[in-house]
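All chains should be modelled from the sequences, with the hints used to inform the complete structure.
Same order as they appear, the protein sequences are chains A, B and C. In case it helps, the working numbering puts the first sequence at residues 3 to 537. In case it helps, the working numbering puts the second sequence at residues 3 to 216. In case it helps, the working numbering puts the third sequence at residues 2 to 314.
Simulated from the structure, these hints should not be mistaken for laboratory data. For every residue, glycine included, the Cβ atom is placed at its ideal position computed from N, Cα and C. Be aware that a few hints might be false.
Claimed, not checked - Here are some of the chain B residues that sit facing chain A, going by a computed Cβ distance under 8 Å:
hint : residue
1    : 31
2    : 33
3    : 130
4    : 145
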Amino acid sequence: MTEPDYLNSAYTLRSWFFTTDHKRIAILYFATLIGFFFIGGAAATAIRIELATPQADLVSSDTYNRLFTMHGVIMVWFFLIPSIPNTLGNFIVPLMIGARDLAFPRLNLMSWYLFIAGGSVTLFAILAGGIDTGWTFYTPFSTLYSNSYVIVAVTGIFIAGFSSILTGLNFIATVHRLRAPGLTWYRLPLFIWSLYATSVILVLATPVLAITLVLLATERFLGVGIFDPRIGGDPLLFQHLFWFYSHPAVYIMILPGMGVVNELISCFSRKPVFGYKFVAWASLAIAAVGFLVWGHHMFVSGQSLLASLVFSFMSFIVAVPSAIKVFNWTATLHKGSLRFDAPMLYALAFLGLFTIGGLTGLFLACLAFDVHATDTYFVVAHFHYIMVGGMVTAYFGGLHYWWPKITGRLYSEYWARTAAVLIFFGFNLTFFPQFVLGAEGMPRRYHVYPPEFQVWNVLSSGGATILAAAYLLPMFYLGYSLFFGRRAPANPWDAPGLEWQTPSPPPEFNFESQPVVTRAPYQYGPDFAAEPQNA
Amino acid sequence: MPKGRAFAPQYASVQHRDETAEIGMWVFLATEVLLFGGLLFAYFVYRHANPAAFAEAGRHTRIVIGTANTAILLTSSFFVACAVNALQADARRTCIAMLVSAMLLGLLFLGLKAAEYAGEYHEHLVPGVDFSYVAPLADGVELFFIFYFVATSIHAVHMVIGIAVLATLAVLLRRSASTRMRAALHSAALYWHFVDVVWIVLFALIYLPGRSGT
Amino acid sequence: MWRQWIPFWRPGVSPYGGDVDLLFAGLLLASALVLGLLFFLLIVFCVRYRAGNPTDRGHRVKKSWHWEVGWTSASLVIFLLLFVWGSSVYLEIYQKPQGELSVFVVAKQWMWKVQHPGGQSEINSLHMPVNRPVRLVMASQDVIHSFFIPALRLKHDVVPGRYQSLEVEAVTAGHYHLFCAEYCGTDHSGMIGEIVAMEPADYAKWLNDQGPANSLAREGGALFRELGCSGCHAANSSVHAPLLEGLYGKPVPLSDGSTVTADDKYIRDSILLPRSQVAAGYQPVMPSFEGKVSEDQLLRLVTYIKSLADRAP
Ligand code: HEA
Ligand code: HEA
Ligand code: CUA
Ligand SMILES: [Cu+2]
Numbered sequence: 003m004t005e006p007d008y009l010n011s012a013y014t015l016r017s018w019f020f021t022t023d024h025k026r027i028a029i030l031y032f033a034t035l036i037g038f039f040f041i042g043g044a045a046a047t048a049i050r051i052e053l054a055t056p057q058a059d060l061v062s063s064d065t066y067n068r069l070f071t072m073h074g075v076i077m078v079w080f081f082l083i084p085s086i087p088n089t090l091g092n093f094i095v096p097l098m099i100g101a102r103d104l105a106f107p108r109l110n111l112m113s114w115y116l117f118i119a120g121g122s123v124t125l126f127a128i129l130a131g132g133i134d135t136g137w138t139f140y141t142p143f144s145t146l147y148s149n150s151y152v153i154v155a156v157t158g159i160f161i162a163g164f165s166s167i168l169t170g171l172n173f174i175a176t177v178h179r180l181r182a183p184g185l186t187w188y189r190l191p192l193f194i195w196s197l198y199a200t201s202v203i204l205v206l207a208t209p210v211l212a213i214t215l216v217l218l219a220t221e222r223f224l225g226v227g228i229f230d231p232r233i234g235g236d237p238l239l240f241q242h243l244f245w246f247y248s249h250p251a252v253y254i255m256i257l258p259g260m261g262v263v264n265e266l267i268s269c270f271s272r273k274p275v276f277g278y279k280f281v282a283w284a285s286l287a288i289a290a291v292g293f294l295v296w297g298h299h300m301f302v303s304g305q306s307l308l309a310s311l312v313f314s315f316m317s318f319i320v321a322v323p324s325a326i327k328v329f330n331w332t333a334t335l336h337k338g339s340l341r342f343d344a345p346m347l348y349a350l351a352f353l354g355l356f357t358i359g360g361l362t363g364l365f366l367a368c369l370a371f372d373v374h375a376t377d378t379y380f381v382v383a384h385f386h387y388i389m390v391g392g393m394v395t396a397y398f399g400g401l402h403y404w405w406p407k408i409t410g411r412l413y414s415e416y417w418a419r420t421a422a423v424l425i426f427f428g429f430n431l432t433f434f435p436q437f438v439l440g441a442e443g444m445p446r447r448y449h450v451y452p453p454e455f456q457v458w459n460v461l462s463s464g465g466a467t468i469l470a471a472a473y474l475l476p477m478f479y480l481g482y483s484l485f486f487g488r489r490a491p492a493n494p495w496d497a498p499g500l501e502w503q504t505p506s507p508p509p510e511f512n513f514e515s516q517p518v519v520t521r522a523p524y525q526y527g528p529d530f531a532a533e534p535q536n537a
Numbered sequence: 003m004p005k006g007r008a009f010a011p012q013y014a015s016v017q018h019r020d021e022t023a024e025i026g027m028w029v030f031l032a033t034e035v036l037l038f039g040g041l042l043f044a045y046f047v048y049r050h051a052n053p054a055a056f057a058e059a060g061r062h063t064r065i066v067i068g069t070a071n072t073a074i075l076l077t078s079s080f081f082v083a084c085a086v087n088a089l090q091a092d093a094r095r096t097c098i099a100m101l102v103s104a105m106l107l108g109l110l111f112l113g114l115k116a117a118e119y120a121g122e123y124h125e126h127l128v129p130g131v132d133f134s135y136v137a138p139l140a141d142g143v144e145l146f147f148i149f150y151f152v153a154t155s156i157h158a159v160h161m162v163i164g165i166a167v168l169a170t171l172a173v174l175l176r177r178s179a180s181t182r183m184r185a186a187l188h189s190a191a192l193y194w195h196f197v198d199v200v201w202i203v204l205f206a207l208i209y210l211p212g213r214s215g216t
Numbered sequence: 002m003w004r005q006w007i008p009f010w011r012p013g014v015s016p017y018g019g020d021v022d023l024l025f026a027g028l029l030l031a032s033a034l035v036l037g038l039l040f041f042l043l044i045v046f047c048v049r050y051r052a053g054n055p056t057d058r059g060h061r062v063k064k065s066w067h068w069e070v071g072w073t074s075a076s077l078v079i080f081l082l083l084f085v086w087g088s089s090v091y092l093e094i095y096q097k098p099q100g101e102l103s104v105f106v107v108a109k110q111w112m113w114k115v116q117h118p119g120g121q122s123e124i125n126s127l128h129m130p131v132n133r134p135v136r137l138v139m140a141s142q143d144v145i146h147s148f149f150i151p152a153l154r155l156k157h158d159v160v161p162g163r164y165q166s167l168e169v170e171a172v173t174a175g176h177y178h179l180f181c182a183e184y185c186g187t188d189h190s191g192m193i194g195e196i197v198a199m200e201p202a203d204y205a206k207w208l209n210d211q212g213p214a215n216s217l218a219r220e221g222g223a224l225f226r227e228l229g230c231s232g233c234h235a236a237n238s239s240v241h242a243p244l245l246e247g248l249y250g251k252p253v254p255l256s257d258g259s260t261v262t263a264d265d266k267y268i269r270d271s272i273l274l275p276r277s278q279v280a281a282g283y284q285p286v287m288p289s290f291e292g293k294v295s296e297d298q299l300l301r302l303v304t305y306i307k308s309l310a311d312r313a314p
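This is the structure in structure tokens:
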């Protein structure tokens with residue numbers, strides 16, 4: 003051993019909480035996010051238990067409203083948006099591009115502290131009085147009628163927003179300036195491309211959310227009617243501003259997952275990703291066009307017919323790059339040499355579930371159908387298919403794939419596959435019935451519902467139980483591997499990426515000598531072994 | 003960290019570090035553009051809905067203070083640019099002097115702004131705190147003043163941060179001038195100019211409607 | 002009929018319900034084809050190219066652009082078709098309402114109040130005749146609600162501060178759900194009701210059974226005097242204010258040079274925000290009645306002014 007690895011270079015608390023090492027910050031983020039995922043998941047569990055019967059039996063309606071608000075707020079801002087970028091991204095990006103750290107390590111640490119601060123403030127709001135506005139904070143309900151801790155919650159999200167901005171800024175500067183010699187743009191792994199696109203959205207959309215929340219808090223605090231019709235303000239203006247951020251934000255919540263899937267599919271079919279350039283540019287196209295479709299959340303709000311037509315049209319256009327990606331991934335499998343290790347199972351599950359989620363997004367983009375389906379469980383099912391079936395699945399896939407690199411340990415393949423299969427089944431059982439519910443007209447955010455919807459709700463709640471158990475499994479076998487797992491070699495998957503060219507876990511400054519890149523990414527196959535990537 | 007290097011290990015050279023910092027600053031400014039962009043979007047939506055009220059409200063702003071403040075900020079930007087040049091030429095004392103002048107102008111700006119706020123308070127033009135305006139277009143006028151206060155106070159927060167940054171730089175420069183300072187000053191100057199540009203946009207939107215033409 | 006083929010789907014009962022259902026079926030079919038193709042390929046590839054399976058892996062496709070162009074344009078074409086289809090049905094649904102029967106709906110936390118033109122009012126239910134378009138004029142007293150009738154495949158948000166109109170029609174008699182679909186606070190899920198579509202004869206009978214009610218217009222007329230409107234808007238008034246007879250539906254020139262049509266929204270705004278649109282030739286002296294009249298009273302006033310439409314000014 004020439005250098006100690008990043009985990010055992012120092013053991014003090016200080017060496018963790020004041021570290022500027024991107025790898026340690028990734029671990030800090032990871033620990034935090036697990037916490038938030040469980041809080042959000044606990045709320046989801048309570049929601050599903052309550053909905054098992056048509057009447058109100060577990061919680062009061064105010065509590066129910068607080069539950070789904072808390073679930074949405076935590077899952078979106080404190081789990082899914084930072085999930086892949088801040089853990090896997092933080093850890094892997096510098097390794098993948100042959101850098102010794104991110105461009106601004108101290109900003110990176112600061113972003114974690116901001117995240118913790120924002121998270122604590124929001125959690126305080128939830129504990130102190132709850133928030134019952136839905137994660138969308140629609141005015142005038144949120145400004146005039148809600149009797150909950152709106153300003154505090156909004157402040158927490160505002161602070162966390164700056165954490166997102168710093169992360170995006172850091173990634174952009176890093177990808178532009180810190181690539182290893184020879185690592186041209188078209189030699190970058192697609193994970194980097196997708197995180198780059200994500201960062202662009204983080205940097206350009208988050209400030210709009212920030213200013214919207216400032217206006218919201220001002221209106222509520224001073225009692226002036228910025229969005230209040232009584233003095234000529236327009237409640238729909240809030241929706242426009244909110245969705246101008248939040249639609250691009252949904253792509254923050256899928257692009258990193260798509261990035262991970264590129265790595266997984268090519269590694270386990272031992273082939274380069276088919277149509278590399280198309281996939282790379284598709285990420286940027288999604289990021290760009292994603293800014294032009296926000297009005298599809300407002301088809302029945304009374305916006306002008308013309309606006310609805312334009313936004314519907316753009317929503318179809320933004321789906322094209324996603325279609326390109328799905329087809330290219332499928333083509334990547336063709337004539338590959340497929341292995342079905344756990345990460346690959348997650349990747350395949352992603353393919354199916356993301357496509358279903360995306361296709362139902364098209365249903366919603368279709369104006370006449372959206373009039374019927376908006377604000378029903380159809381929408382709930384749509385976004386869970388993408389966000390949970392797509393992004394969370396990809397997150398688990400990436401976590402398993404890079405686990406040996408991150409921890410230096412191997413997990414139990416048997417249990418990992420079992421968990422993957424269970425998650426897949428539990429997931430579909432939870433959310434597929436919600437499509438049926440939505441199509442039949444069950445509105446979302448309903449605490450009690452007409453009895454005829456019960457069958458499907460019971461199925462969904464049953465599925466959620468399986469899903470919860472399946473999500474708990476990795477806690478055990480991954481946790482076990484930390485202490486008892488076999489030591490991982492530097493390159494357990496026999497992959498060509500730069501991150502695999504350094505020991506597992508990597509030394510404090512990632513590489514013992516500066517790697518130089520001489521070839522395109524994903525050079526799997528027989529000629530790969532002969533010619534080492536790392537000259 | 004490998005010892006004896008003036009820059010962090012992820013960089014290959016001092017120049018590499020400074021270029022990276024510059025990219026970071028530009029990305030940050032892009033964020034800021036969108037921050038004010040959201041606000042301006044709201045402004046334009048309401049101005050479109052209440053053109054007459056916005057013109058009328060615009061006439062209640064203090065164009066003299068606004069214009070003076072614009073001139074002050076432009077001058078301060080000039081000083082900041084001079085400071086960057088001075089440091090380039092290793093004239094540290096001049097540089098510090100320029101920075102201090104810019105800061106003082108910044109403080110003057112804030113002082114005038116405060117006076118302006120006080121005046122508006124006396125005229126009962128502060129929505130949510132003390133607003134009473136009796137004229138047909140009161141609602142639109144109130145909307146205008148909400149945006150006026152939100153936008154100018156966010157701008158003022160930026161000014162405070164800018165002044166703090168310049169002050170820190172001036173103090174550090176007094177001690178020594180490492181190569182690091184040059185990049186830092188460069189970024190700070192970008193930021194200062196940006197805040198200046200934002201003001202010019204706000205100036206046009208706040209003080210000019212209702213005053214153009216007849 | 003084909004609609005029964007969609008599993009778990011009850012056919013829509015509005016005149017265009019069939020169009021929406023057909024669109025849904027089309028979307029399902031397109032997705033099923035795409036998903037079918039995708040899953041078929043996934044399974045075939047997974048089985049055939051599993052590691053260790055000796056099969057031909059040579060001659061891999063290297064140059065990919067014609068595949069890319071192929072599937073990109075295929076998706077694009079399908080997307081455009083779906084867009085055009087969805088939009089044309091949408092325009093049909095949200096067409097400018099022209100039904101001559103107009104009913105007021107006031108949404109408030111957490112109930113729907115329905116006012117028929119004859120003065121009959123009901124809460125959380127709406128009785129309507131079949132095969133006759135009904136124009137709903139909807140207003141909200143507090144937050145945003147959404148008027149949702151799944152069986153009619155129809156929904157519209159009710160945003161405070163403006164009137165929203167929507168045309169509904171049922172072709173089959175029956176009882177249908179009415180839901181509030183926009184989250185509006187504590188009892189959002191309790192803001193539900195019933196649409197009762199009846200044969201015209203039953204409907205007429207129902208209207209009669211509601212007991213003698215003052216018509217909305219009559220009540221509005223009383224309010225018009227009570228609130229002092231008549232003090233200015235009467236022919237013999239000393240204040241120079243426009244006469245409201247014959248106003249409804251006519252174009253009104255405004256003092257800023259533009260012209261608007263005097264519809265429900267305009268009259269409502271004239272009462273609440275009299276200064277936002279001042280009629281040409283008048284001084285803006287009318288006081289705002291914001292906060293002084295409720296949505297219920299407002300719609301009575303509006304109905305009253307509408308009822309003056311065909312009187313000569
Ligand atoms: C990660 C999150 C994510 C992602 C990626 C998407 C992606 C998409 N979403 Fe979704 N959406 C949400 C999260 C997301 N959405 C959320 C959270 C809401 C609700 C918010 C709330 O109200 O609380 C929502 C709501 C929502 C609505 C509003 C519904 C309503 O409230 O009325 C609409 C309407 O257009 C929509 C559309 C789309 C479309 C067209 C895409 C497209 O980008 C999808 C593109 C992908 C594909 C299309 C699949 C792959 C393509 C093929 C395999 C091609 C072949 C197909 C054919 C040829 C047919 N979404
Ligand atoms: C962004 C990510 C995300 C994720 C990962 C999830 C995950 C889940 N969601 Fe969530 N959901 C949203 C985002 C997300 N959701 C959003 C944005 C909304 C809209 C909110 C709004 O309307 O404002 C929503 C709304 C929403 C609703 C609709 C509520 C309503 O409209 O009334 C439902 C109902 O079934 C639901 C269910 C679930 C379930 C079962 C999971 C499961 O996948 C969760 C599985 C995970 C676990 C279960 C954790 C495992 C841990 C445990 C089991 C420990 C349990 C501990 C105790 C009970 C002490 N979600
Ligand atoms: Cu009214 Cu929900
Ligand atoms: Cu969207």
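Fill in: Satisfaction of the residue 33 of chain B interface hint, Cβ to chain A closer than 8 Å
At 5 Å from the nearest chain A Cβ, residue 33 of chain B passes the 8 Å test, so the hint holds.
Worksheet item: Does residue 31 of chain B pass the interface check with chain A, least Cβ-Cβ distance below 8 Å?
Response: Status violated, d = 10 Å.
Item to complete: May I ask you to test the interface hint for residue 130 of chain B with respect to chain A, counting a Cβ-Cβ separation under 8 Å as satisfied?
Response: Since the shortest Cβ distance to chain A is 3 Å, the answer is holds.
Worksheet item: Are residue 145 of chain B and chain A close enough, Cβ to Cβ, to be under 8 Å, as the hint says?
Response: Constraint on residue 145 of chain B satisfied, holds at 6 Å.
Taken one by one, the earlier hints fail for this structure only at number 1.
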